[in-house]
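2 protein chains.
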Amino acid sequence: MAVYTEISDEDVRTFVAQYDLGDVISCKGIAEGVENSNFLLVTDRGPFILTLYEKRVNPADLPFFLGLMDHLAARGLSCPQPVAGRDGVALRELCSRPAVIVTFLAGMWPRRIQPEHCAQLGEGMARLHLAGDGFGLTRRNALSVDGWRPLFEASRARADEVKPGLADILATELDLLEASWPRDGLPAGIIHADLFPDNVFFKDGALSGLIDFYFACNDLLAYDVAICLNAWCFEADGAFNVTKARLLLDGYTKVRPLSAAERDALPLLARGSAMRFLLTRLYDWLNTPAGALVKRKDPLEYLHKLRFHQQIRTLNDYGL
Amino acid sequence: MAVYTEISDEDVRTFVAQYDLGDVISCKGIAEGVENSNFLLVTDRGPFILTLYEKRVNPADLPFFLGLMDHLAARGLSCPQPVAGRDGVALRELCSRPAVIVTFLAGMWPRRIQPEHCAQLGEGMARLHLAGDGFGLTRRNALSVDGWRPLFEASRARADEVKPGLADILATELDLLEASWPRDGLPAGIIHADLFPDNVFFKDGALSGLIDFYFACNDLLAYDVAICLNAWCFEADGAFNVTKARLLLDGYTKVRPLSAAERDALPLLARGSAMRFLLTRLYDWLNTPAGALVKRKDPLEYLHKLRFHQQIRTLNDYGL
Chain B
1 MAVYTEISDE DVRTFVAQYD LGDVISCKGI AEGVENSNFL LVTDRGPFIL TLYEKRVNPA
61 DLPFFLGLMD HLAARGLSCP QPVAGRDGVA LRELCSRPAV IVTFLAGMWP RRIQPEHCAQ
121 LGEGMARLHL AGDGFGLTRR NALSVDGWRP LFEASRARAD EVKPGLADIL ATELDLLEAS
181 WPRDGLPAGI IHADLFPDNV FFKDGALSGL IDFYFACNDL LAYDVAICLN AWCFEADGAF
241 NVTKARLLLD GYTKVRPLSA AERDALPLLA RGSAMRFLLT RLYDWLNTPA GALVKRKDPL
301 EYLHKLRFHQ QIRTLNDYGL
Chain S
1 MAVYTEISDE DVRTFVAQYD LGDVISCKGI AEGVENSNFL LVTDRGPFIL TLYEKRVNPA
61 DLPFFLGLMD HLAARGLSCP QPVAGRDGVA LRELCSRPAV IVTFLAGMWP RRIQPEHCAQ
121 LGEGMARLHL AGDGFGLTRR NALSVDGWRP LFEASRARAD EVKPGLADIL ATELDLLEAS
181 WPRDGLPAGI IHADLFPDNV FFKDGALSGL IDFYFACNDL LAYDVAICLN AWCFEADGAF
241 NVTKARLLLD GYTKVRPLSA AERDALPLLA RGSAMRFLLT RLYDWLNTPA GALVKRKDPL
301 EYLHKLRFHQ QIRTLNDYGL
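Those sequence lines, one after another, are chains B and S. Heads up: the first sequence begins at 1 in the numbering used here, then just goes up one per residue. Heads up: the second sequence begins at 1 in the numbering used here, then just goes up one per residue.
Hints are supplied without guarantee of correctness; some may be wrong.
Copies of the same chain look alike in the list, so a pair counts if it works inside one copy or between any two.
In silico EDC-like cross-links for lysine to aspartate or glutamate, where the CA-CA straight-line distance does not exceed 16 Å [claimed, not checked]:
| hint | residue 1 | residue 2 |
| --- | --- | --- |
| 1 | K55 | E178 |
| 2 | K203 | E161 |
| 3 | K203 | D250 |
| 4 | K203 | E10 |
| 5 | K163 | D298 |
| 6 | K254 | D11 |
| 7 | K203 | D44 |
| 8 | K163 | D264 |
| 9 | K163 | D44 |
| 10 | K55 | D264 |
| 11 | K254 | D237 |
| 12 | K55 | E10 |
| 13 | K203 | D317 |
| 14 | K203 | D9 |
| 15 | K163 | D9 |
Rather than coming from a laboratory, the hints here were simulated on the basis of the structure.
If we strip away everything but chain B, and leave its shape as in the complex, we get (with noise of 0.2 Å):
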């Protein structure tokens, strides 16, 4: 949870002040989101949630996330919509953070992911792909293969505290994975590029939207679908959740079919996207300091995913 700046009740009221939103009847921090500082809103108009971005967001990437969410919802999208201010501005400041009022999304996130969750999760992540298309500005996804060595660097030396052997296997897995990147040649496009369970609202089991659109950028379709692999079709014990998996891609190709060499890189993308987050999570967990209020998550979750699609050549191999 994570309420980093505290508003105080004149502040809040002189900036709603701006909008047309009426009265401010209630501002109240909540309890989701890792790298901001959320509040959920009620004025005479509803529910609202205000962000406060903070030092883990670039101001400079602002632009392109809120645009996004603006050109997504204008294409039917279910996602936050940035509310504009009476000048017809969304983006302004409060506690001198970058800050921006978006729309209330009904639902809540799944705590226990059953199968037709991800059905819904491929379909809704289709959908995304397509409503992308035409957005005007671009951002280089940071956290792709491009950016591992780097990142590796940053924790190599270290990496062998968490699990001996660790720094060995990351260095192989990386220069694997950077000669056969298929960086040419599939469909790219807008991802999400952060879609674990809480940033997928469902409501009375349908999906009724997707958040947090502070990981989005221009890469591969296929890779954001290799993201939801990992994040949605492992059980807690490890098990790979075939079906699961089965309906996630039956669900995405319902609305958008993977090409021949989407699937055949899939594998290759699945192995990338266990490196990118076991990476981070390494990092991270080797500069948390121990008490510190963010939870870290277990860098080695992510390589026992690795490790298991290793072992994967063909979509066949994952009994799909």
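For this one, chain B is given, so just place chain S on it according to the hints.
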């Protein structure tokens, strides 16, 4: 901030289905309250607060707290009101914890106390004292004069780690308070006992409600006033703000006049109130592990307040 228990979407839906509140639109953990887990629950009927009682609340006290909120709300006080399920029962269970849904109060607590807040607090507290009359249940104040010595003994040996000489100061003060405490003879009734700024909501400059009745009990009414003198009338630099104190007392007496005996007792009650928060903060300070999620509050803030009141003989000495 505090969300100790994570609730799944299925659990929330099943829980809310027992009420006449329509469908669940959203349920987000909020960063308010330090004793319990609180969620802002939005249903078709609007926003509500869902509270799960964690181990610091004694379940045997819950009928008192919930009954009191009902009693006060029925007498026109603006406070959260427990919502009953279709079976007429308000106190239920969720995630193996006692759980209740209460009505949502408009407003925010004031981060910067202005004198006018104190005037309205005084009025609101007096209305609470009048509205509590006739409530059928009673609850002893375990944190009043009889509770201080056991609390002191639990910290005595290590008190000087916080400040050299602190144990002696506390022992002397405790002897005096026990000998001179006005145990009888002053008007008693229901008091809030924790009316700090974060438990008092204002909207558009007007007091909009009181929350968090989980320290409420039967005690001297003027002791509640003394708690508020300490909680609302000192500036961040430690200075006692006479204007705020005067407005608080004037606001109170407009609704419920203080007797001469109550006025005479106020300096002593203020010492006792300072002692109570000094002792609980000292205990928490010595017994909260570094790095715990709960932020420790400085006990010495209340040593300063205690010393201030020790120099006061009559209300005139406050400059009132």
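Checked against the structure, which of the hints given earlier come out wrong? Hints 1, 2, 3, 6, 8, 9, 10, 11, 12, 13, 15 are the ones this structure does not satisfy, whereas the remaining hints hold.
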